[in-house]
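Here is how the chains run, residue by residue.
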Amino acid sequence: RKEVEQDPGPFNVPEGATVAFNCTYSNSASQSFFWYRQDCRKEPKLLMSVYSSGNEDGRFTAQLNRASQYISLLIRDSKLSDSATYLCVVTLGVNDYKLSFGAGTTVTVRA
Amino acid sequence: EAGVTQFPSHSVIEKGQTVTLRCDPISGHDNLYWYRRVMGKEIKFLLHFVKESKQDESGMPNNRFLAERTGGTYSTLKVQPAELEDSGVYFCASSQESRYSEQFFGPGTRLTVL
Chain A
1 RKEVEQDPGP
11 FNVPEGATVA
21 FNCTYSNSAS
31 QSFFWYRQDC
41 RKEPKLLMSV
51 YSSGNEDGRF
61 TAQLNRASQY
71 ISLLIRDSKL
81 SDSATYLCVV
91 TLGVNDYKLS
101 FGAGTTVTVR
111 A
Chain B
112 EAGVTQFPSH
122 SVIEKGQTVT
132 LRCDPISGHD
142 NLYWYRRVMG
152 KEIKFLLHFV
162 KESKQDESGM
172 PNNRFLAERT
182 GGTYSTLKVQ
192 PAELEDSGVY
202 FCASSQESRY
212 SEQFFGPGTR
222 LTVL
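Heads up: the protein sequence lines correspond to chains A and B, in order. Per the working numbering, the first sequence starts with residue 1, numbered consecutively. Per the working numbering, the second sequence starts with residue 112, numbered consecutively.
Rather than coming from a laboratory, the hints here were simulated on the basis of the structure. Be a bit skeptical, because a hint or two may be false.
Listed below are the simulated DSBU-like cross-link pairs for lysine-lysine, each with C-alpha atoms no more than 35 Å apart in a straight line [claimed, not checked]:
hint	chain 1	residue 1	chain 2	residue 2
1	A	LYS2	A	LYS79
2	B	LYS126	A	LYS79
3	A	LYS2	A	LYS98
4	A	LYS79	B	LYS162
5	A	LYS98	B	LYS189
6	A	LYS42	B	LYS189
7	A	LYS79	B	LYS155
8	A	LYS98	B	LYS155
9	A	LYS98	B	LYS165
10	A	LYS42	B	LYS165
11	A	LYS42	B	LYS162
12	B	LYS189	A	LYS2
13	B	LYS189	A	LYS79
14	B	LYS126	A	LYS45
15	B	LYS152	A	LYS42
16	B	LYS155	A	LYS2
Residues of chain B clear of chain A, computed beta-carbon distances all greater than 10 Å [unchecked claim]:
hint	residue
17	ILE154
18	PHE176
19	THR181
20	GLN191
21	SER198
22	THR223
Which chain A residues stay away from chain B? Per the calculated CB distances, all over 10 Å, these [stated by the list, open to error]:
hint	residue
23	LYS42
24	GLN69
25	LYS98
Ideal Cβ positions, reconstructed from N, Cα and C, are used throughout, including at glycine.
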């Protein structure tokens, strides 16, 4: 079983729409949670950390459900520039630095 | 401030040859990581340096891979001899001292083994 699983998409949405997707993680001891964004043939970049209480950063909202072991990302008022692959990332242990990545969810925002 | 840099950006070699990838982390970052993404798969952790010491090399696939970070600055990842399944994108990342610090990724080296 993969450590982090994501719906690969693609999610094709019009500008201004709301899009949401989840990822699940297998290890209940996972400690830290993130969403990274990766543009085509570029490096991953941190979009936001995900906190237990949920958090917002502008048009982006992340939620964590430890009981069901999933993380969600919601994008409101989608922009063309939001088109990218969104990577769900976790760290597995208290003293763990290494990141475990999902395969990514592709979002395409059309005009 | 300069980001993480990697060299070369692309490398095409034949099976059995040797390739060395280089990573220059952000200045002052003690933590340096190597990750790779093979075709159709997720990005996978290879190893983690703290300064010049290997903190975690649990992701290194086999002994054909050798990573070094002499002097605790730049790092090299050597693959010898390269096999077809080594093809992929090799990313380097660096972070400051806390395990909660953001990892900044370099642009990657795209390795193709023919």
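Notebook entry, point to check: Under the criterion that the straight-line Cα-Cα distance not exceed 35 Å, is the pair A:LYS98, B:LYS165 satisfied?
Noted result: Holds, at about 13 Å.
Item checked: Interface exclusion of A:LYS98 relative to chain B, criterion Cβ beyond 10 Å -> violated, 4 Å
Check: If you draw a straight line from the CA of A:LYS42 to the CA of B:LYS165, is it 35 Å or shorter?
Finding: holds, 27 Å
Margin query: So B:ILE154 supposedly isn't at the interface. Is its beta-carbon more than 10 Å from every beta-carbon in chain A?
Written below: violated, 4 Å
Next item on the list: Take a quick look at B:THR181 and tell me if its Cβ sits farther than 10 Å from every Cβ on chain A, holds or violated.
Entry: holds, 21 Å
Checklist line | Restraint status (C-alpha distance of A:LYS98 to B:LYS189 at most 35 Å) | finding: holds, 20 Å
Next item on the list: Confirm or reject the statement that B:GLN191 sits farther than 10 Å, beta carbon to beta carbon, from all of chain A.
Entry: Answer for B:GLN191: holds, closest chain A Cβ roughly 24 Å.
Check: For the pair supplied as a hint, A:LYS79 and B:LYS162, is the alpha-carbon distance within the 35 Å limit?
Finding: Roughly 40 Å between the alpha carbons, so the hint for A:LYS79 and B:LYS162 is violated.
Checklist line | Restraint check for A:LYS42 with B:LYS162, where alpha carbons must lie at most 35 Å apart | finding: holds, 26 Å
Notebook entry, point to check: Is the straight-line distance between the alpha-carbon of B:LYS155 and that of A:LYS2 35 Å or less?
Noted result: Answer holds: B:LYS155 to A:LYS2 is near 11 Å, not above 35 Å.
Note to self: Would the non-interface assignment of B:PHE176 survive a Cβ cutoff of 10 Å against chain A?
What the structure shows: Non-interface label stands for B:PHE176: nearest chain A Cβ at 16 Å, farther than 10 Å.
Checklist line | Given pair status - A:LYS98, A:LYS2, alpha carbons within 35 Å | finding: holds, 16 Å
Figure legend: structure checked against the earlier numbered hints; hints not met, in rising order: 2, 4, 13, 17, 23 and 25.
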